Amino acid sequence: MSSIEANAQQRVYELRTYYTHPGKLENLLARFRNHTTRIFEKHGMINVGYWVPQDEPARKNTLIYVISHKSRDAAKQSWDAFRKDPEWIAARDASEKDGKIVEKVEAVFMDPVDFSKLK
Numbered sequence: 002m003s004s005i006e007a008n009a010q011q012r013v014y015e016l017r018t019y020y021t022h023p024g025k026l027e028n029l030l031a032r033f034r035n036h037t038t039r040i041f042e043k044h045g046m047i048n049v050g051y052w053v054p055q056d057e058p059a060r061k062n063t064l065i066y067v068i069s070h071k072s073r074d075a076a077k078q079s080w081d082a083f084r085k086d087p088e089w090i091a092a093r094d095a096s097e098k099d100g101k102i103v104e105k106v107e108a109v110f111m112d113p114v115d116f117s118k119l120k
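In this note's numbering, the protein residues as written are 2 to 120.
Some hints could be false.
Below are the SDA-like pairs computed for lysine to any residue, each with C-alpha atoms no more than 25 Å apart in a straight line [to be verified]:
no., residue 1, residue 2
1, 101, 24
2, 101, 36
3, 43, 102
4, 118, 87
5, 71, 55
6, 71, 12
7, 105, 39
Label-pair distances were calculated between CB atoms; the ranges are [what the hints assert, rightly or not]:
no., residue 1, residue 2, range
8, 43, 108, 15 to 23 Å
9, 60, 11, 12 to 20 Å
10, 59, 111, 15 to 23 Å
11, 107, 34, 27 to 35 Å
12, 39, 18, 29 to 37 Å
13, 95, 47, 24 to 32 Å
Please keep in mind that the hints were generated in silico from the structure rather than gathered at the bench. Note that this is a predicted model, so its numbers are computed, not measured. Yeah, the Cβ is synthetic: ideal placement off N, Cα and C, and Gly gets one too.
Can you make the complete structure from the sequences, with help from the hints?
Here it is, written out as structure tokens:
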């Protein structure tokens with residue numbers, strides 16, 4: 002069994018990149034800070050880290066983060082439950098009262114390699 006196959010049986014990490022509409026990054030950061038990260042944990046997702054790029058133009062409209070799940074199946078179940086959570090829906094709707102915040106989302110599921118410290 003390769004190291005990639007062995008690690009596929011461990012936690013799976015999800016890299017997500019959010020691109021906001023112009024002028025909306027602070028709204029997105031506030032939503033994550035005040036609501037989203039806690040609701041993720043409620044649904045079994047582990048917050049690993051959150052970043053904003055240092056360089057322009059991405060610094061003005063990009064949030065990058067990594068969360069982890071017990072498995073790909075667990076990730077699907079967590080996301081399904083999160084999207085239906087009344088607390089999340091209320092937080093999303095309140096944060097978007099002046100218009101949509103997120104323009105585009107990219108997601109990549111990843112397995113750590115054998116020399117990664119994320120085990």
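Hints, verified against the model:
In summary, the hint linking residue 101 to residue 24 is supported, as the alpha carbons are separated by about 11 Å, within the 25 Å threshold. Restraint check for residue 101 and residue 36: the C-alpha separation of about 17 Å stays at or below 25 Å, so the hint holds. Annotation: proposed proximity of residue 43 to residue 102 holds, straight-line Cα distance about 23 Å (limit 25 Å). Distance check on the hinted pair: residue 118 and residue 87 sit about 36 Å apart at the alpha-carbon level, beyond 25 Å; violated.
This hinted pair does not check out: residue 71 and residue 55 have alpha carbons roughly 31 Å apart, beyond 25 Å. A distance of roughly 5 Å separates the Cα atoms of residue 71 and residue 12; the hinted pair therefore holds under the 25 Å criterion. With a CA separation close to 22 Å, the supplied pair residue 105 and residue 39 stays within the 25 Å bound. About 20 Å separates the C-beta atoms of residue 43 and residue 108, a value consistent with the hinted range of 15 to 23 Å.
The supplied range of 12 to 20 Å is broken by residue 60 and residue 11, whose beta-carbon atoms lie about 33 Å from each other. Roughly 20 Å separates the CB atoms of residue 59 and residue 111, a value that falls within the hinted 15 to 23 Å. Hint check: residue 107 to residue 34, Cβ distance near 21 Å, so the stated range 27 to 35 Å is violated. The given range of 29 to 37 Å is broken by residue 39 and residue 18, whose C-beta atoms sit roughly 21 Å from each other.
Taking the beta carbon of each, residue 95 and residue 47 are about 25 Å apart, inside 24 to 32 Å as hinted.
Going through the hint list in order, the structure does not satisfy hints 4, 5, 9, 11, 12.
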